[in-house]
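S.K.: With the sequences and hints as input, model every part of the structure.
There are 2 protein chains.
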Amino acid sequence: MKTPSYHALRINSKRLKRDFDELAQIGATISGGVSRIAFSRDDLLARAWFSERIEEADLILHDDEVGNTSGILPGSDPDAPSILTGSHLDTVPEGGRYDGSIGVLSALECLRTIQEAGLHLRPSLEAISFSDEEGSWHSLFGSMGLTGQLDKPLKPLHTEREEFELLLERVGLEHRTIWNARRDPARIAAFVELHIEQGLRLDRAGLDIGLVTAIVGRCTYELAFHGRAAHAGTSGQTERRDALLGAAVFITRVHARIREGYPTGVVNCGNVQVLPGAFNVVPAKASLLVEVRHPSQAVLADMEAFILRLAHDCAAEYGLTVTEERADKREGQPMSPDVMAAIGLSCDRLGYSHADVHSYAGHDAQMMGRITSSGMIFIPSVGGASHNPEEFTRWEHVEKGANVLLHTILALAGCP
Amino acid sequence: MKTPSYHALRINSKRLKRDFDELAQIGATISGGVSRIAFSRDDLLARAWFSERIEEADLILHDDEVGNTSGILPGSDPDAPSILTGSHLDTVPEGGRYDGSIGVLSALECLRTIQEAGLHLRPSLEAISFSDEEGSWHSLFGSMGLTGQLDKPLKPLHTEREEFELLLERVGLEHRTIWNARRDPARIAAFVELHIEQGLRLDRAGLDIGLVTAIVGRCTYELAFHGRAAHAGTSGQTERRDALLGAAVFITRVHARIREGYPTGVVNCGNVQVLPGAFNVVPAKASLLVEVRHPSQAVLADMEAFILRLAHDCAAEYGLTVTEERADKREGQPMSPDVMAAIGLSCDRLGYSHADVHSYAGHDAQMMGRITSSGMIFIPSVGGASHNPEEFTRWEHVEKGANVLLHTILALAGCP
Numbered sequence: 001m002k003t004p005s006y007h008a009l010r011i012n013s014k015r016l017k018r019d020f021d022e023l024a025q026i027g028a029t030i031s032g033g034v035s036r037i038a039f040s041r042d043d044l045l046a047r048a049w050f051s052e053r054i055e056e057a058d059l060i061l062h063d064d065e066v067g068n069t070s071g072i073l074p075g076s077d078p079d080a081p082s083i084l085t086g087s088h089l090d091t092v093p094e095g096g097r098y099d100g101s102i103g104v105l106s107a108l109e110c111l112r113t114i115q116e117a118g119l120h121l122r123p124s125l126e127a128i129s130f131s132d133e134e135g136s137w138h139s140l141f142g143s144m145g146l147t148g149q150l151d152k153p154l155k156p157l158h159t160e161r162e163e164f165e166l167l168l169e170r171v172g173l174e175h176r177t178i179w180n181a182r183r184d185p186a187r188i189a190a191f192v193e194l195h196i197e198q199g200l201r202l203d204r205a206g207l208d209i210g211l212v213t214a215i216v217g218r219c220t221y222e223l224a225f226h227g228r229a230a231h232a233g234t235s236g237q238t239e240r241r242d243a244l245l246g247a248a249v250f251i252t253r254v255h256a257r258i259r260e261g262y263p264t265g266v267v268n269c270g271n272v273q274v275l276p277g278a279f280n281v282v283p284a285k286a287s288l289l290v291e292v293r294h295p296s297q298a299v300l301a302d303m304e305a306f307i308l309r310l311a312h313d314c315a316a317e318y319g320l321t322v323t324e325e326r327a328d329k330r331e332g333q334p335m336s337p338d339v340m341a342a343i344g345l346s347c348d349r350l351g352y353s354h355a356d357v358h359s360y361a362g363h364d365a366q367m368m369g370r371i372t373s374s375g376m377i378f379i380p381s382v383g384g385a386s387h388n389p390e391e392f393t394r395w396e397h398v399e400k401g402a403n404v405l406l407h408t409i410l411a412l413a414g415c416p
Numbered sequence: 001m002k003t004p005s006y007h008a009l010r011i012n013s014k015r016l017k018r019d020f021d022e023l024a025q026i027g028a029t030i031s032g033g034v035s036r037i038a039f040s041r042d043d044l045l046a047r048a049w050f051s052e053r054i055e056e057a058d059l060i061l062h063d064d065e066v067g068n069t070s071g072i073l074p075g076s077d078p079d080a081p082s083i084l085t086g087s088h089l090d091t092v093p094e095g096g097r098y099d100g101s102i103g104v105l106s107a108l109e110c111l112r113t114i115q116e117a118g119l120h121l122r123p124s125l126e127a128i129s130f131s132d133e134e135g136s137w138h139s140l141f142g143s144m145g146l147t148g149q150l151d152k153p154l155k156p157l158h159t160e161r162e163e164f165e166l167l168l169e170r171v172g173l174e175h176r177t178i179w180n181a182r183r184d185p186a187r188i189a190a191f192v193e194l195h196i197e198q199g200l201r202l203d204r205a206g207l208d209i210g211l212v213t214a215i216v217g218r219c220t221y222e223l224a225f226h227g228r229a230a231h232a233g234t235s236g237q238t239e240r241r242d243a244l245l246g247a248a249v250f251i252t253r254v255h256a257r258i259r260e261g262y263p264t265g266v267v268n269c270g271n272v273q274v275l276p277g278a279f280n281v282v283p284a285k286a287s288l289l290v291e292v293r294h295p296s297q298a299v300l301a302d303m304e305a306f307i308l309r310l311a312h313d314c315a316a317e318y319g320l321t322v323t324e325e326r327a328d329k330r331e332g333q334p335m336s337p338d339v340m341a342a343i344g345l346s347c348d349r350l351g352y353s354h355a356d357v358h359s360y361a362g363h364d365a366q367m368m369g370r371i372t373s374s375g376m377i378f379i380p381s382v383g384g385a386s387h388n389p390e391e392f393t394r395w396e397h398v399e400k401g402a403n404v405l406l407h408t409i410l411a412l413a414g415c416p
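Line order of the protein sequences matches chains B and Z.
Per our numbering, residue 1 is the first one in the first sequence, and the count goes up by one each step.
Per our numbering, residue 1 is the first one in the second sequence, and the count goes up by one each step.
Any given hint might turn out to be false.
Identical copies go unnamed one by one, so any copy, or any two together, can satisfy a pair.
Claimed, not checked - Okay, derived cross-link-like pairs now, DSBU-like style, lysine-lysine, Cα gap no bigger than 35 Å in a straight line:
1. K152 / K329
2. K14 / K2
3. K155 / K329
4. K329 / K285
5. K152 / K285
6. K2 / K17
7. K155 / K285
Hints were generated in silico from the structure; no laboratory data involved.
Just so it is clear, the structure is predicted and the values come from calculations on it, not from any experiment.
M.R.: Now the structure itself:
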């Protein structure tokens, strides 16, 4: 049996690198990173730049009602559901050059490579950039819009709804029509996303590729410890109801016990705000932001119950009370065995080392996975740096990742 | 030997109560407390009200360059140094009706009582209300001005110097002349202050009077723990440098170890501010406000060294660094044995139970003690409530405190 000629197909690494360097100029910061906050001027400039690349490549430019931007390579069968691939162009403030960008640019590069090779695939291919993945306004806004998962009315996490709607109008989106961005799941065959790992495992193990088996679920709480304000000099040390002391005990214990009891899970205490907050007043209130993540839905629910119990125990020990408010909960998303198989096959064909990994960060693939077969390809992050200007991935790994993406798309499109 | 007739002298409790009730109306809050922030409209109204009471009593009204207000009962010997007594009329925001007020009103009442009794004492007596004791702008401003201890230029703790100087001008004080408020220590014989305890000891022990032996020293630090921001999902739990975790460990240990190692000292961690402060970012920086108090200067210095060492130890354990900034240091102030003896004598004469106590709060007597023989009389605070509207002292104890103040003044003025 003769090996099909497309097995030898490779992306154009120089062209991809040129795109990467150009894009990194948009919103470049003096620290060597990038700030392209969703819907900011630089984010819109990056979207315009991406649209130009799409048109330059003779792909069909498609914009939708939530600010997603796609380049489409039409397939031979207009009835065949499309294969989508991509990521996002927005960044966190003072972010890095790789997060999101690599997935979008490699998607575009794969479509150009397939087009140039004259391969006529049955399904259409679509390279997509999702809007506000980082959640500067609304976490995973573009992929939630496309998959029909936005709340109606909108519930942006970090801003008032009215403010967000105004913003959408300012960038040319009509907030009353965002619901039209929803796609018919029957028209999508699969989604695959290339992304940097944002962790240390691949880099430390010297592996080329991470084959993502699941994106972890995440649950966030605001836990408020309530004590009693008192004069810090005159109130006896043993009679105080010190809200910050209770919160501090909780912080130290939750780290130790999650590590001990849930080795696959992670916890973070990201902030604490104290009232009244003076040198000489015993804290009356300490409000803590806590987040737990785990790939298993059942274990995540167990962790959630555990942190609440622990908070109440710590509070009781120090004469405090606790009020809790769940800020957000997002279930984990297992990746599709079909897409995982296509990724593994591609790695083997290309001779790249790989290992199964969980994604501990949220991604657009998490939303896409709710409506279609989805998968993710990770490439190493040197030193695990993420969400800061030091983010770096060796170009060799970017190239390998893009080639795995290429062959995964081919496999999913019926070219095994 | 016949008992002198002035031994039977008592203050006019009804008149004092009427004054107390009137004053409590100025800046009264709906919660039953008082807000008379230094130099606010209500603070100025209280000062005007006090001035009227002074003139009504035919005492000499005296204002100085830092906003202190006094009523003077001239003595028979103009060369004899004066005896000062008083406290402050300003309060913390949403404070109580007793803190400061009781000391000022009782001082006035003692002068009226002595005047009415026709006692012609050798020294002049001065009932004084010090400005901004609570430090809304500059802690102990009035008593530091009178005792010549203000920094030149001014160093207000909670505001910019220019802003504070503007404020002084607005309330009719010329900021260039505040240094003239300094009194010649040779013109002052003694200072005595009546104040609520703001703690639980007297109330719990069922005692009438606390004889203050020393006002504790206080040392405040801003301790900043520095780690590294990282993605809370993707960075390994054991590889993080979590600034808040280090700070939390410090908070729990400093409380336990100060209680263990320095039973007479107190510690408070009043606030912590976290950067960047998001659910999903490992804290890069946690800035903690820490305060320690102790009556002994040597032990306070030892506690200061101890908390810094502990902070560095906690930081090292969690891969962090610490930067420290001393916000303030105020040495403790032992009270004068002569004034203490006069207070003790008065209690015994009146048949009131009393015990020696430390003052864990700062008071104007701390500043006065730097230049003259000073003492303090404490009366019980029910439940120890302080700096809040629930502050309460039974009137019986106010009356007893005012009578102890009266007889202490008499003893200090040469009427033993």
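S.K.: Are the hints correct? Go through all of them and say.
M.R.: Here's how the hints hold up against the structure:
{"no.": "1", "hint": "K152 / K329", "verdict": "within (17 Å within a copy, 56 Å between copies)"}
{"no.": "2", "hint": "K14 / K2", "verdict": "within (30 Å within a copy, 112 Å between copies)"}
{"no.": "3", "hint": "K155 / K329", "verdict": "within (13 Å within a copy, 48 Å between copies)"}
{"no.": "4", "hint": "K329 / K285", "verdict": "both (25 Å within a copy, 26 Å between copies)"}
{"no.": "5", "hint": "K152 / K285", "verdict": "within (34 Å within a copy, 37 Å between copies)"}
{"no.": "6", "hint": "K2 / K17", "verdict": "within (33 Å within a copy, 107 Å between copies)"}
{"no.": "7", "hint": "K155 / K285", "verdict": "both (27 Å within a copy, 30 Å between copies)"}
Violated hints: none; the structure is consistent with every hint.
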